[in-house]
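**Student:** Chains as they are written, first to last, in UniProt numbering: chain D, 1 to 244; chain F, 1 to 254.
Source of the hints: derived by calculation from the structure; they are not laboratory data.
Watch out, some of these pointers could steer you wrong.
Said to hold, decoys possible - Label pairs and their computed distance ranges (CB to CB):
1. F/Arg-46 x D/Tyr-17: 34 to 42 Å
2. D/Trp-105 x F/Asp-146: 47 to 55 Å
3. F/Gly-149 x D/Pro-182: 44 to 52 Å
4. F/Gln-38 x D/Phe-66: 25 to 33 Å
5. D/Ala-82 x F/Ala-113: 30 to 38 Å
6. F/Gln-38 x D/Arg-24: 28 to 36 Å
7. F/Gly-149 x D/Trp-105: 25 to 33 Å
Glycine included, every Cβ here is placed at the ideal spot set by N, Cα and C.
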Amino acid sequence: MSPVADRTLGPGRTATYRHPWLVRVTHWVNALCIAVLVMSGLQILKAHPHLYWGLASTFADPWVSFPDIPGWATLPSWRDLALGRRWHFFFAWLFVLNGALYLVWVVLSGRVRRVLEPTREDFAGLGRSLGEHARLRFPEGEAARRYNVIQKLSYLTVLLGLLPLMLATGLAMSPAMNAALPGLLELLGGRQSARTLHFLSAAGLVLFTVVHVLLVLLSGPANHLRAMITGWYVIREPTREDES
Amino acid sequence: MTDTDRRELVVGGLLAGLPLLTACDAVSGSPRAQGVLQGAEPLTRRAQRALVRNALAPEYAERDISPDFRANGSVDPADAEYRRLRADGFRGYRLQVAGLVERPLSLSLVELAAMATRTQITKHDCVEGWTSIGKWTGTRLSAVLDRAGLRPEARFIVFDCFDALDQRPGGERYYESIGLDDAFHEQTILAWRMNDQPLPVRHGAPLRLRVERQLGYKHAKYIRRIEAVASFSHIGRGKGGYWEDRGYEWYAGI
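Hey, can you work out the whole structure from these sequences and the hints?
**Tutor:** Listed below in structure tokens is the structure:
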């Protein structure tokens, strides 16, 4: 499947070319964008740390209020809405251009079907995969060549669900875009619902990132980091010693 | 996890984590880096303008009107002239229209009400993140500008206000400016009524701007004078508005 041939590193160790350069570059650019957008987003939230549902704010009755957002979580660390907005919109452009480049490429290259779309067998093995994740057992050998079904489903949810929702809810908070695309605002249930959904999608992304990083740490961080930097991922054949 | 893994983790964490925070603050404090970040603003403005053109801001129903419409910024200007006009119910108020116009004007509220008016129920989006919905009645800015006759060099409309957020002597007065596309837009009005009542002082009496496709700080309250200009670089600190002079975007479409 991969146009680059495997390299045999030694007994039971094979390097496979897992991530093409465009995936690696867009992954890290996206990671940087998300970090800056979340932190500058918290700076913006700090200016009015209350969330509502519906068209407008019901000041006496927010559904959630944040008493304090610490400086270490915001960008900049001191209170500055104007500067937070500058960071946010600069990196929003980078996020959109980077994301568009990635999505166009994965669709046109067929990678989305080949690598990300779960197969029928994947779905049949969903329960087993969940059990393996719960026991922190990760695929080895030939099975490690492909994303497992939980990986596929969570990557697709983030790539086609959460990230586009961040953009849509962000645009729906713009009074200019509300005039240009009134249907988007209605679809999202009004301006304050859009703001709430923007926050919830961001919270979902943070949750995904925490789990994603945790699983990388638990399943061979050096191997995963190397793969996302150089492209090469090392597969180890399960041996007797591993099983003992 | 092997030792190599652990070492890489510690090094990687130090390389990526802590310095990122300090670097971001260092970048935030540097004027040159701020200039780079600000470089995205023309892109944002042009993209929004290209998409929005003459489109109308969404309008809402009577039942959507906020009972708790928030008043931000100044709510009670201390300016002596303003206090005199207010004591007299703004009967002596005259809106001055000056600058690059063929016929400078001085209009009373009665004269303004006799011109082309518009009533609209719209949402007010504050840059802080909240939204309130209100019903506004006012004179279309385009009618005022047409009567004054803009000279061809005019590119922006500047709104000079009675209020200053710093009410001590010498506190800078509020001002704002908009481009001609927004100035002549159908929903851009000089409002003198809110929710079927005379415009309350805390919401900008006697006149406030409604420029519905931009954020709240563009909606100048307590308007004293309108000036047509070719450039606003000589006004205030030169960025086109009180909050623009303090780092906020001139085109506040998002």
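**Student:** Is the gap between the beta carbons of F/Arg-46 and D/Tyr-17 within 34 to 42 Å?
**Tutor:** Since F/Arg-46 and D/Tyr-17 have Cβ atoms about 41 Å apart, the given range 34 to 42 Å holds.
**Student:** Can the suggested window of 25 to 33 Å be confirmed for the beta-carbon pair F/Gly-149 and D/Trp-105?
**Tutor:** This hint is violated: roughly 55 Å between Cβ atoms.
**Student:** For the pair D/Ala-82 and F/Ala-113, does the Cβ-Cβ distance stay inside 30 to 38 Å?
**Tutor:** 37 Å, holds
**Student:** Falls inside 25 to 33 Å, the C-beta gap from F/Gln-38 to D/Phe-66?
**Tutor:** At 28 Å between Cβs, range holds.
**Student:** Just to be sure I understand the hint, the distance between the Cβ atoms of D/Trp-105 and F/Asp-146 should be within 47 to 55 Å; is that true here?
**Tutor:** 52 Å, holds
**Student:** Evaluate the given range 44 to 52 Å for the C-beta pair formed by F/Gly-149 and D/Pro-182.
**Tutor:** 34 Å, violated
**Student:** Quick check on a hinted range of 28 to 36 Å for F/Gln-38 and D/Arg-24, using CB atoms only.
**Tutor:** Since F/Gln-38 and D/Arg-24 have Cβ atoms about 30 Å apart, the given range 28 to 36 Å holds.
When the structure is compared with the earlier hints, violations turn up for hints 3, 7 and for no others.
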